[in-house]
Amino acid sequence: MKKTDIGPPDFRMMLPDIIKENYGKWQHHEILKPGLMKHVAESGSELYTVRVGSPRLVSIDFIRDICDVADKYCDGFLRFTSRSNVELLVSKKENVEPMIEDIKKLGLPIGGIGDCISNIVHTQGWIHCHSSATDASGLVKAIMDELIEYFTEFKLHAKLRIAVACCINMCGAVHCSDLAIVGIHTKPPKIDNSKLSAVCEIPSTIASCPTGAIHRHPDKNINGLELKEERCMYCGNCYTVCPAMPLADPVGDGVAIYVGGKVSNARKAPMFSKLAVPFIPNNPPRWPEVTSVLKNIVEVYAKNSRKYERMGEWIERVGWERFFSLTGIQFTEQHIDDFSGAMDTLRSTTQFRW
Amino acid sequence: MKKTDIGPPDFRMMLPDIIKENYGKWQHHEILKPGLMKHVAESGSELYTVRVGSPRLVSIDFIRDICDVADKYCDGFLRFTSRSNVELLVSKKENVEPMIEDIKKLGLPIGGIGDCISNIVHTQGWIHCHSSATDASGLVKAIMDELIEYFTEFKLHAKLRIAVACCINMCGAVHCSDLAIVGIHTKPPKIDNSKLSAVCEIPSTIASCPTGAIHRHPDKNINGLELKEERCMYCGNCYTVCPAMPLADPVGDGVAIYVGGKVSNARKAPMFSKLAVPFIPNNPPRWPEVTSVLKNIVEVYAKNSRKYERMGEWIERVGWERFFSLTGIQFTEQHIDDFSGAMDTLRSTTQFRW
Amino acid sequence: MAGDTPMLDDLEKGPWPSFVKEMKRAAKKNKAAEDLVGVVELSYKDKITHWKHGGIVGVTGYGGGVIGRYSDVPEQFPNAEQFHTMRINHPSGWFYNTKSLRTVCDIWEKHGSGLTNFHGSTGDIILLGTKTENLQPAFDEYIEHGFDLGGSGSVLRSPSGCVGPARCEWACFDSLDLIYDLTQSFQDELHRPRWPYKFKIKASACPNDCVAAIARADFTIIGTWRDSLSINQEEVKVYAEKGMNIQKDIVANCPGSALTYDESNGELHVQPEDCVRCMHCINKMSKAIKIGKDRGATILVGGKAPILKGAFLSFVLVPFMKIEPPYTEIKDLLFKIWDWWDEHGRNRERVAETIGRRGFKEFLKGVDLKPVPQMVKHPRTNPFVFF
Amino acid sequence: MAGDTPMLDDLEKGPWPSFVKEMKRAAKKNKAAEDLVGVVELSYKDKITHWKHGGIVGVTGYGGGVIGRYSDVPEQFPNAEQFHTMRINHPSGWFYNTKSLRTVCDIWEKHGSGLTNFHGSTGDIILLGTKTENLQPAFDEYIEHGFDLGGSGSVLRSPSGCVGPARCEWACFDSLDLIYDLTQSFQDELHRPRWPYKFKIKASACPNDCVAAIARADFTIIGTWRDSLSINQEEVKVYAEKGMNIQKDIVANCPGSALTYDESNGELHVQPEDCVRCMHCINKMSKAIKIGKDRGATILVGGKAPILKGAFLSFVLVPFMKIEPPYTEIKDLLFKIWDWWDEHGRNRERVAETIGRRGFKEFLKGVDLKPVPQMVKHPRTNPFVFF
Ligand code: SRM
Ligand code: SRM
Ligand code: SRM
Ligand code: SRM
Ligand code: SF4
Ligand code: SF4
Ligand code: SF4
Ligand code: SF4
Ligand code: SF4
Ligand code: SF4
Ligand code: SF4
Ligand code: SF4
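Protein chains in written order, with our numbering: chain R, 1 to 354; chain B, 1 to 354; chain D, 1 to 387; chain A, 1 to 387.
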């Protein structure tokens, strides 16, 4: 029988000695400069971490480059973070600066530790996914080029987590990010009844629609489906179940921007991101409308927030009405919830700002 | 033709001179002692208000007694408050104390102004309503007898508003009260199929049930209804529509206690009351289990709250887990919401107290 | 006839004024009231109501204002067999002169049980207990003396408002005049059912909301201002001298984080654009802090009790409206809401429920209003957006 | 063959490392990668994806771990016609030695496009782009070298956890060992679909939640403690000296109102029973304040993205559990949850949605747990209670 189900390698094989020795016995840490921090163990040992930005979509040669650095300075160990950055772990202080020089030579940015923007959690987009309403990697590149100084320098009062998802399936913690860019369709699926009955199960496709927009084609001669278009909210669930109902559309596709989510329990409880801009059409390769909206939000936030205040905490303090007036973003009917539980989001108090 | 649609009398007929003269020109007020406050107008005029507790369910002779007092001290004017207290408005300072003496002689309590318990907003109960799951006037009397000192003295950090409703129709601001006592049924309606078809419309009775518990009787010979009892949440909506489905039951009826609601916009936005005690069986004439739970809650609140903190504000600050541990009230599965939107009430953070 | 009433008798004791004493007072003069005591004692014994579903009774020309009520123990208590209530619309602010009040009592002595609620929780004078045959004569006499019925059934219910400018320094509009004007203007809506369900209007002249409008009214009018509150620094110092902890009890409680207190010079300052007009600082420092001068109201809609889709607090529809006679703007808005609700509401559906079912967006279009951020606690979190 | 790619070329410029550069690096060595560049450029031009719904492809004995993917422009880009991805389960904490990493690369050079995601957002190594025929050989070689597939489809997805005790002073349990142990214990659940839908486990060893578990995992393990944090007053003073505004930036931000700072003696005190263990003071005063000693975790369930009933954050199921090998308690709980969900869940229904539909009460019974107030933000507000 073939060998299967061995699971991943034991992480213990992957730890440098300094970590093995001080495992669970770290005492405190200090952030020394952007992208560099030092952890001190009870034993007195010091561990330096250099965080390196990565495009996440990388060639094997990129990995090999990083391995070379780790071999040279880190006894052949390294790690990746939960946001796809590379972390190089150095036990010898004198290795830190030379290593940083080598990394810079590779053209890679160092930063993302402390009160700054870290790497953007993102997804497949046009690189790989059939569901995508936008590209992910390209958006990330365009955004990070614009906001790079917030990665490599300390210009904020708190962490700012950005995520990009190429459709509302939201592969990533997009729904709880300080800034979230989500690919959305705004046109109903185009039903292809010529092949539908061959590739899809009709009852389960009808059942897949949360708004009941899909029904059997009224023409008895057509073994297919028809749509009440005004009921469609472009969720794509039908398409996941039935390939003959694609939603992608060059004009209708684009992104929405959500703001103010978080997941940490620090100070305020975790919060969902909320809609800031309902729709911006795709404009590759650099989505300039998207990046300029984001840059503006980040600048307004940087300027108006208080120490330690995450995006959502700042907005909660100053109020959503102030968020819209300070950023100049227009408030529209799309901002008002109409999904289930929507009535709870209406303002049932006279407390608000002008 | 008969005279109709004249509407209520013009309130201007009902105002004493001091109010007419200073209408809209009050400058500030001071609470002088329990049940007595002074409003000072821009003109310098002073108006004393004495607030008098009333059982609300009164005979015309009670009204006449009060009129006698108003004639003697208030130039023949008086008002009632939004919580059914009587307010006697005195423009001559020297009238205040003699009037208070006269009111005491009538056996009526003075208080309810400022940081105290005011009159209980309540409803009809067994005195008049076919829907009632408990009595209202009796509960109010039993509760106020127990808590009278909180009406006549300053023993709290903020206003404490109590309401009683005799069924979940909640005639009153019961759903947003610091303390709410609500009559509830806990047995499904007893269908009387012998008279049902004569007095009720079958389809609209079926449609009235929000949980879909009611359906046509399976026996074709019976022109009536049957119940999926496990689906019934005893809301009484079917009974409102169809008299042949009474829910009242000597054993199943009783009250639930809700806490922590408010309506003012002061400090925190208005809040709904939340379930504290799911069920206490009716035990007239004095509902001792109810009054002792309430007294305990009030005492715990009085002791643990901060200045100006309403019941709900206090609970939000210390947490519901603390509310239950401090009051000794048991937390049960009934406390966990299972109505629509229930999932939003689950605790999606690690922030809590032990 | 009422026999022994040991349970009710127990409720004559104790410091709080007793409704039983009141019932017995009425019972001395009136047989229906006497039998009522018996009916209620029986309920206390049986732990169950003895009232049946009400039949339709009323007065000529009106579709409401009377609640029919019949006992289920007429053999034992024949005089309380019919025990209908009449709802009499109250004067704004529940102000009375004793002459009017005595008239109300006298008419009820003649035609009813002599028992009343001052007031029902919607705000009406509730006259408890009369027979069908007495309804019309009682009504005729009340009309004669300047009183009219309030609402019941699927109508506009009697509007009510706080004491407002009559005795309160914080009134941002004339709640008494507004309520009187609206009540008079909508007599037809009050007396002739034509809507899906009941509709309530309440007005509090400042955000303290002393009539609990936000929780109980489909149409909620709450006073507010658009400019800044004002602070008298001399009076601030007096409060501090008298021992008030201004930082802890006032500043730290400000929901807008709008206040700063400088301990060094004893001055309290407000950042007007941060103030959410909650009233707290004004309430507690009534002599030092005054409401703004550009006054009006926030209009909210949808408040109601839990039946059937759960309770609602009213939610913001118009952040600011000037409230001045002849109140045209507010009336126009009411008509638009009623038209929309009348067209789309199902039977026994309050306006909040209709809005919930059809969507706030459609409602806004129906009443010709533009979306503004003040309408929501926060924008949507889900991506299920219609375009 | 990929032709001109002006749009992608533009994305080679700028300071952030370029994925286009990476694609082109791979393209130099691999025809599939070369054609991928063309497919993506076409998408940039057409503003639309050029991938079709994936067919079912995989490796022997596994029901997932591979995402089948076909291009809709195979004539233009024949080498990218099949462009499946393999998900390789990562070592706990995404730690690697370079030898292993190089092996991963070498095998992918042989059998795939040479393009990868380090890592996918569930945590797997994503190997992007290979043909059906290469799947089994690639898999065999990975297994040979100690790597296995992660999850896809209606299975347990690859669990992941924060860096924890390996490099963090706040770890309340061993997130790396726990994740490794669970992953190994549940290999069958990872590789053979048998549930209504996907199920995700994530563990953060303290409430900072550095793997965003609460938002993304059906089963969320977040470290916490039951006793008190501890404060070193000498270190507090150092922070103050260095200019930290302890009152404003620490005390005023404490969600439990548990801290008091005495400016006169420079001491900071905690009321342990008020601390909600949010981490804020600890985060910002890492040298002065330490987590408690009686450590374990809070277990929450239900986190997920918006499809289909809206997004959920995980909610508290077990306020405190000790997390120690062999992790029996946590595994028992997982089996109970899976059994209940398996029995009651509908097709494509995440566990939170099943709980929402059947009710939390029934779920609690199903997994043998008693209700405690820590499970709710607040008790119910509505009166629609079942007895
Ligand atoms: C390396 C990493 C864990 C891992 O296993 O990979 C990590 C590591 C650390 N986190 Fe984190 N966090 C990491 C992802 C996260 C995430 C998850 C995410 O971003 O998706 C969160 C939740 C973010 C959110 O709420 O949306 C997170 C919320 C925190 C917080 C709370 C921040 C807050 O105030 O809300 C702290 C404490 C702080 O910074 O004061 C923290 C603190 C730390 C410390 C200081 C812990 C320590 O002593 O080692 C580490 C360095 C801090 C830094 O980067 O500034 N870490 N941290 C992750 C690095 C991601 C990256 O490349 O940028
Ligand atoms: C590869 C990855 C994105 C990435 O670029 O990193 C991914 C890719 C896909 N996800 Fe995902 N999801 C990925 C992590 C996530 C996450 C994040 C996580 O796991 O922490 C989420 C949000 C958390 C959650 O599970 O709720 C996520 C929520 C979804 C959903 C929505 C599920 C829901 O219940 O709301 C779908 C839709 C579905 O299952 O039909 C989905 C479906 C998909 C599919 C399989 C598309 C589909 O409809 O069949 C995507 C295949 C893309 C492709 O062609 O390669 N993916 N997906 C991530 C997996 C990599 C890995 O194994 O490490
Ligand atoms: C007379 C009355 C209005 C009327 O038209 O009848 C009234 C009168 C005043 N209210 Fe009120 N309120 C009256 C019902 C209410 C209600 C409604 C209710 O109780 O159902 C509320 C909302 C309660 C709630 O939030 O649940 C109410 C919330 C307030 C508040 C805000 C209290 C808070 O901190 O939440 C204030 C300001 C304060 O007390 O600091 C206030 C302040 C006042 C002032 C000081 C206003 C003034 O300057 O005249 C009046 C005397 C205060 C007092 O009673 O302590 N009034 N007040 C009502 C007396 C009812 C009674 O008999 O007790
Ligand atoms: C008399 C009064 C209670 C009292 O003792 O004060 C009352 C009594 C009744 N109410 Fe009420 N409601 C009274 C104020 C209220 C209020 C408070 C208010 O108006 O501010 C409410 C909550 C606010 C609201 O409207 O949502 C209220 C919410 C209800 C409901 C639930 C409506 C809902 O949409 O949730 C019902 C049920 C119904 O309409 O079928 C109801 C139904 C009833 C009925 C007609 C019973 C029925 O099912 O037919 C009661 C007649 C009792 C009787 O035999 O006399 N009553 N009812 C109040 C009217 C007196 C007056 O006119 O001044
Ligand atoms: S977010 Fe949507 S389009 Fe993007 S990878 Fe996930 S499923 Fe595919
Ligand atoms: S996209 Fe969503 S709403 Fe539209 S038809 Fe498909 S399943 Fe229904
Ligand atoms: S609360 Fe219920 S029982 Fe009481 S008066 Fe109102 S409808 Fe009747
Ligand atoms: S009481 Fe309510 S839930 Fe029960 S059968 Fe009647 S309408 Fe349905
Ligand atoms: S609502 Fe405001 S204006 Fe009206 S009485 Fe109360 S405090 Fe005064
Ligand atoms: S009214 Fe309320 S919000 Fe405005 S300054 Fe005073 S306390 Fe703050
Ligand atoms: S979740 Fe807590 S223990 Fe884990 S890495 Fe982040 S800060 Fe450290
Ligand atoms: S951990 Fe958070 S809740 Fe606990 S004392 Fe520190 S700041 Fe307060």
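Everything labelled a hint here was simulated from the structure, so no lab data went into it.
The C-beta atom is built at its ideal place from N, Cα and C for all residues, glycine as well.
Hints may contain errors.
What the hints assert, rightly or not - Residues on chain B that point at chain D, a partial pick, calculated with CB under 8 angstroms:
#: 1; residue: 4
#: 2; residue: 58
#: 3; residue: 70
#: 4; residue: 72
#: 5; residue: 91
#: 6; residue: 95
#: 7; residue: 107
#: 8; residue: 109
#: 9; residue: 148
#: 10; residue: 154
#: 11; residue: 280
#: 12; residue: 284
#: 13; residue: 340
(message) Are any of the numbered hints broken by this structure? If so, which, sorted upward?
(response) 4, 5, 6, 10, 11
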